[in-house]
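Q: Chains as they are written, first to last, in the working numbering: chain A, 19 to 568; chain B, 328 to 573.
Calculated directly from the structure, the hints in this document are not laboratory data. The C-beta atom is built at its ideal place from N, Cα and C for all residues, glycine as well. Be aware that a few hints might be false.
[Stated by the list, open to error] Pair ranges (Cβ atoms, derived):
no. : chain 1 : residue 1 : chain 2 : residue 2 : range
1   : A       : GLU137    : B       : SER436    : 18 to 26 Å
2   : A       : GLN95     : B       : PRO455    : 28 to 36 Å
3   : A       : PHE540    : B       : ASN423    : 51 to 59 Å
4   : A       : GLU137    : B       : THR399    : 18 to 26 Å
5   : A       : PRO78     : B       : ILE570    : 24 to 32 Å
6   : B       : ILE570    : A       : GLU23     : 25 to 33 Å
7   : A       : THR143    : B       : LYS505    : 51 to 59 Å
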Amino acid sequence: MKFIEFASVCEKIEGTTSNLEMTKIVAQFLKNADDLEIVTRFIIGSVFPAWSPEELGVGPSLLYNAVSMSTGVKEAQVKDMVRNLGDTGLTCEKLCEKRVQRTLLPTELTTMQVYKNFEAIARTTGKGSQKKKAKMLADLFGSAKPKEARYIARLVLEELRIGVGEGIVRDAIALAFDVPKNEVERAYMLTNDLGMVAATAKKGVKELKKLDITPGRPVKMMLAQVAKSMESAIDEMKEAAIEWKYDGARVQIHKVNDDVTLFSRRLENVTKSLPDVTDVIRDVVVYKQVILEGEAIAIGEDGRPRPFQDILKRFRRKYDIGQMVKEIPLHLTLFDALYVNGKSLIHKPLSERRRVLEKSLKKKEDPKINVTPQTVTNDVKVVEGIYKEALSAGHEGVMLKNPKSAYTPGKRGKNWLKVKPMAETLDLVVTGGMWGEGRRANFIGSYLLACRDPATGDLLSIGRVGTGMTDEQLAELTGLFKDLIVSEKGKDIELKPEIVFEVGYEEIQKSPNYDSGFALRFPRLISIREDKSVEDADSIERVQELYKMQ
Amino acid sequence: MFKAVINADILKDSIEAISTLVDEAKLKLSKDGISINAVDPANVAMISFGLHPDAFESYECTDGEIGLNLETLVDILSMTERSDKIEIELDPEEHNLLLKMGGLAYTLSLIDLAAMRKEPKVPSLELPAKVTLKGSDLRLAIKAAEKVSDHLALGVDGSTFFMEAESDTNRVRFQLTKDELISLDASGPARSLFSLDYLSDMSKAISKANEVTVHLGKDYPVKINFSVAGGKGKVEYLLAPRIESD
Chain A
19 MKFIEFASVC EKIEGTTSNL EMTKIVAQFL KNADDLEIVT RFIIGSVFPA WSPEELGVGP
79 SLLYNAVSMS TGVKEAQVKD MVRNLGDTGL TCEKLCEKRV QRTLLPTELT TMQVYKNFEA
139 IARTTGKGSQ KKKAKMLADL FGSAKPKEAR YIARLVLEEL RIGVGEGIVR DAIALAFDVP
199 KNEVERAYML TNDLGMVAAT AKKGVKELKK LDITPGRPVK MMLAQVAKSM ESAIDEMKEA
259 AIEWKYDGAR VQIHKVNDDV TLFSRRLENV TKSLPDVTDV IRDVVVYKQV ILEGEAIAIG
319 EDGRPRPFQD ILKRFRRKYD IGQMVKEIPL HLTLFDALYV NGKSLIHKPL SERRRVLEKS
379 LKKKEDPKIN VTPQTVTNDV KVVEGIYKEA LSAGHEGVML KNPKSAYTPG KRGKNWLKVK
439 PMAETLDLVV TGGMWGEGRR ANFIGSYLLA CRDPATGDLL SIGRVGTGMT DEQLAELTGL
499 FKDLIVSEKG KDIELKPEIV FEVGYEEIQK SPNYDSGFAL RFPRLISIRE DKSVEDADSI
559 ERVQELYKMQ
Chain B
328 MFKAVINADI LKDSIEAIST LVDEAKLKLS KDGISINAVD PANVAMISFG LHPDAFESYE
388 CTDGEIGLNL ETLVDILSMT ERSDKIEIEL DPEEHNLLLK MGGLAYTLSL IDLAAMRKEP
448 KVPSLELPAK VTLKGSDLRL AIKAAEKVSD HLALGVDGST FFMEAESDTN RVRFQLTKDE
508 LISLDASGPA RSLFSLDYLS DMSKAISKAN EVTVHLGKDY PVKINFSVAG GKGKVEYLLA
568 PRIESD
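Using the sequences and the accompanying hints, generate a full structural model.
A: Laid out in structure tokens, this is it:
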């Protein structure tokens, strides 16, 4: 398929606001597309399947370098244009319209060619790789028509900005190949690759039904809801399996003989970063082929879990891994089994999966791994006891699971409930913002938050809040802050400190990125405290206090 | 089958002329010599290269094609003295190229041809102006341009070959009349703009040539021809122009 066909469809979708209309356009496109696996991924703005360890490793500056190289326009000018247009894709389009540097043999791009080129970019590593990546990317821009350049740039940054998400593509696949939506969804949850789902759906529903969980390919993780209360949870489940909710990071473990692959909660392949975990799995797990789930925790010298950040450091580390393993050793506690020796277990009740799990480790105990202790009870008092134990050990709370429930990939249902203490909220002053990009270019897309330093009267930045807001909310807030804009530099806005946000968060972390020395994990806007003035906002002391308490 | 002996300086000069544009290349091997056609990753510059069997001390070869990592080869060649003799042998079964020089023996693994870029078609161009000058003169022009800008214009005006480069504030012009050139043959005026990113890289190999022929047109690619290995090797660079439209 010619890449220009893909670009034209993207453009058409970009000008569409109705989800139904978008679904129809995508369906029509998929129906006639060859290279179906590739273009299906492209249309949701990803190059590789979400679970694949391959990544382009191209950031904005490398992209600017490439487009500068192939069009002959200086990098500084490229950056200026991005700032003015607020969109890298449009910038690349404009630059290719009036390219200065010509190419020798411009060829017509195909989707396959673009994909192959991306693949080569992803595989280029090591010394001088940045320059090579830039050149390979420049090759694409060298042949690209202006409209193609817009979407190549956006694919590279893995954000297509045409408003097509997984939901639309799932519906479009069902529509295009006349297969039931729930089968598409099921196949997607189990394979995590819409490209593969589309290609299989094209062969018919019978083939689609055959797609199943496969070791080596991650399964979307089942999620838990917040329980209203322990009582109501027990009431509903009658009997619940109680486990500690550990303060760690979730991992999905795939073992095929001696090959062990680890996936994070976001299904990123983190195998390379966690060699200690891989080793222990290889040593003590008895099943030849198995998919297990568990929580990786790091216990400090005081016997309490180390901050979540430390675990993240382990997950994200790409170099000097050996050193990191020594600094932050991980312990793995396993709580589920999804597959064993050729059989998927996800439709089996938790109690049955648990029996498989309990037999998964060799008898001899290893301090690096265990099966999460579980108590099945209908007594709220017992649950409360376990909850208190978990909290006093420094963990987050408890999980209440329905022993009769299946494992539902990617779903946040009532069969897994979590009980944990509410984090305190902070009242923070809004001191700045940033204009959004693309369809949000006219809104302030995120807000810079600060706490007070009573000693100096300064406002110390502590983080940004922006994700999870609807367009309506953003519009409303933008209206509220419009008159408070002091200055603008590129997309950055300085705001007159006047408004106080009540902000919820998961955790306070130390961070060198903000003046306060702290950052908030998962900050979210709870309310605008119109009753509070800047002087009433929380102080840095309060932040320090809360940090110590967690 | 490929088995040959060559002087290190010839191999070095040849490979460096190519590796300045591409990190890897497909080498065509035949009894008539070695040839390479490669285009740089950004599709802006191309090299056509040929080395005659006479450039070698000894040369035995059947037709074949191999993919070579030139970066690694350049690295290896930096270990040699210019007067060294290098024995090269292809081990097709192991997908290796064996290089022996002095006491050193290298095994260089070949690149899978299927994984490489397709060989470019050489575009046929009618370029109205043809100038032959000393390689060192062209190098001088390029060096001078580097001082003020990141691109330069090359052209022919009447019986004068010229180079011009300018920035917002500074300007440089270098020109040679027909008498100062080895030859000039133009059916009309020519002027095109080129990126120094490429010309600077090419100029190292160019500067070593006694004679360089430059083919120019109006807002057209430039073709630069010169010999290596005492006339037994031929290099042709092709570089796409910059066209400023405002």
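Q: With reference to the structure, classify each hint as holding or not holding.
A: Each hint, compared with the structure:
The hint said 18 to 26 Å for the Cβ distance between GLU137 (chain A) and SER436 (chain B), and at roughly 21 Å that hint holds. A hinted range of 28 to 36 Å holds for the C-beta pair GLN95 (chain A) and PRO455 (chain B), which are about 33 Å apart. One distance hint, 51 to 59 Å for the beta-carbon pair PHE540 (chain A) and ASN423 (chain B), holds here, with the actual separation near 53 Å. Here the CB-CB span from GLU137 (chain A) to THR399 (chain B) is close to 22 Å, well matched to the stated 18 to 26 Å.
Separated by about 27 Å at the C-beta atoms, PRO78 (chain A) and ILE570 (chain B) satisfy the suggested range of 24 to 32 Å. For ILE570 (chain B) paired with GLU23 (chain A), a C-beta distance near 28 Å keeps the hint of 25 to 33 Å intact. Distance hint check for THR143 (chain A) and LYS505 (chain B): the Cβ-Cβ separation is about 52 Å, which falls inside the suggested range of 51 to 59 Å.
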